[in-house]
Amino acid sequence: MSTTKIDDVEYVVHSLAQTAVEKEKEFGDLDAVVGDGDLGYSLARGFEKVLADWDSFKRDDAATFLQQIALAISSRIGGTSGPLWGTAFLRASAAAKTTDTIDGAAVVAMLRGATDGIKKRGNADLGDKTLLDALIPATDELERQLAAGASPEDCRTTFAAKVRECADATSTMVAKRGRASYSGERSIGSPDAGAVAVAVIIERIVADWP
Amino acid sequence: MKKFVNDPQQFVPEMLEGLALANPDTLKYVPEYNLIMRADGPDESKVSIVQGSGSGHEPAHVMIVGKGMLDAACPGDVFAAPPFDYVYETTKLMASPKGVLLLVNNYTGDKMVFEMAEEMSSADGIEVKTLFINDDVSVEDSTYTIGRRGVAGNFFVIKAVAAASERGADLGEIIRIGEKVNSVTRTMGVALTACTPPAKGSPLFELGEDEIEIGVGIHGEPGRRRGKMMPANEIVEEMLAPIVKDLPFKEGDRVALMINGLGGTPISELYLLYGQAHKRLAEQGISVGRSYVGEYCTSLDMAGASITLVRLDDEIESLLMDPAEIPIRVF
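In order, the protein sequences belong to chains U and P.
So the first sequence is residues 1 to 210, counted in my numbering.
So the second sequence is residues 1001 to 1331, counted in my numbering.
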């Protein structure tokens, strides 16, 4: 992956925000199967705020930009989604702070920061049937692709495919965290709503890459 | 539903406005962040003590802001954690060179919001720590909680850390005291009726005319069992036994005993319960050093009560005896 400018970071966040707002109903329906159905609503309200405040964010560097996104999202999202997504952006921002250029290694560090943050904040880990089960293996895959010298485009495509594959595979797991965990065994058979939402979001980011 | 309410969405802001108008010399209301703070705060010579929680538990916690208790309370909407930006802005506003302690009852939503606020304000250079309170012995894991819920026992943690803060203790010492008080505090509640959130307009859960919920949470979460109404002494017995067994409280222990009304029970009934509990403890060789009877941490208009025991030692008892000037004083 070549060096990424803040333009690319802005693009990723903007695309994510648009998907979250446009897919409100779809994400809500996914969550209603075993959760409490508020995923679509929560994400849409949070990222609506991001889009509304878009021009006011400081763009000195990626870290500053992402920190403001974290604040905007968690100010608006109720329930547990706000702090979880906010923490993900906050930790990605912290990871971006330690580097001058946002290259492939920095993207991996930001994704690791985000997933570690979600683990800690949500008291969740791999295997609990959350979006971590899609994002962590996909980040591992991205790291392998980078080490093997894959092109930026190949890295993105493989990353999106892995997120989708792992998100769909959560349907065989039992939910152990969040509202969905009250459904216990009944959660088997449906994929985790958060994981699928992340797959939809990333597929769009990769498909529309400028 | 008959309630004193205008627009249900404005229930909390209108309550806070009234609270501030009734206490102009001691309290300040910051409507942008639902914040109630001491009018003379933040006091830079002491650690700021801030409690966050949903509303609907009054007087907890907005009505116990004042010298000797909270420096600020950061409430959310009824039974909802405050939004993150309210907590973050409150923390910044209450920043003292000696630090800020955020006290939070153990509910998943509140925990996430306050931990994130701690993380973000620490990054801004504010010395801030979060302490979680989990005194409810009724159940492990609940509708909104992983682990045990935090309920009325948090008054003892608040009082002890606030007194220590007024005495000049540093943040590390205050956390030690808070953790210690939490570790010797145990509570259990019982509901005789459900409660009605103003925005919902109907009871939060179904409870039959002749039924009670033993071990109920302060948001109407299920407890240990639902049964038929019983005489008061049998209810006290059924609540006190698991509390005493849990710590355990032993013969020779000296305790603080709190009978807390959940919002819809007359004071007369609370004193009746107090008498039963006091005598029952005496029979077990447990003596009451300090007693508290009234409404502390309520659940809107729920009829019911909770019993809290705190094992006292010289340090805790001394901190509990320090003066406090708060709006719920009676004259």
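Simulated from the structure, these hints should not be mistaken for lab results.
Glycine included, each C-beta is placed from N, C-alpha and C at the ideal position.
Please note that the accuracy of each hint is not assured.
Simulated DEER-style distance windows between Cβ atoms [claimed, not checked]: (1) Asp-116/U / Pro-1031/P: 35 to 41 Å; (2) Gly-1125/P / Lys-58/U: 43 to 49 Å; (3) Ala-207/U / Lys-1028/P: 47 to 53 Å; (4) Lys-1250/P / Asp-61/U: 58 to 64 Å; (5) Pro-1031/P / Val-174/U: 31 to 37 Å.
Q. If you check the beta carbons of Ala-207/U and Lys-1028/P, does the distance land in 47 to 53 Å?
A. The hint (47 to 53 Å, Cβ to Cβ) holds, given that Ala-207/U and Lys-1028/P are roughly 52 Å apart.
Q.
Tell me if the beta carbons of Asp-116/U and Pro-1031/P are separated by a distance inside 35 to 41 Å.
A. With Cβ atoms ~37 Å apart, the hint holds.
Q. Regarding Pro-1031/P and Val-174/U, is the given constraint of 31 to 37 Å on their beta-carbon distance met?
A. violated (45 Å)
Q) How does the Cβ-Cβ distance of Gly-1125/P and Lys-58/U compare with 43 to 49 Å: does it lie in that range? A) With Cβ atoms ~18 Å apart, the hint is violated.
Q) Holds or violated: 58 to 64 Å for the Cβ distance of Lys-1250/P and Asp-61/U? A) holds (60 Å)
This entry does not satisfy hints 2, 5, going by the numbered hints stated previously.
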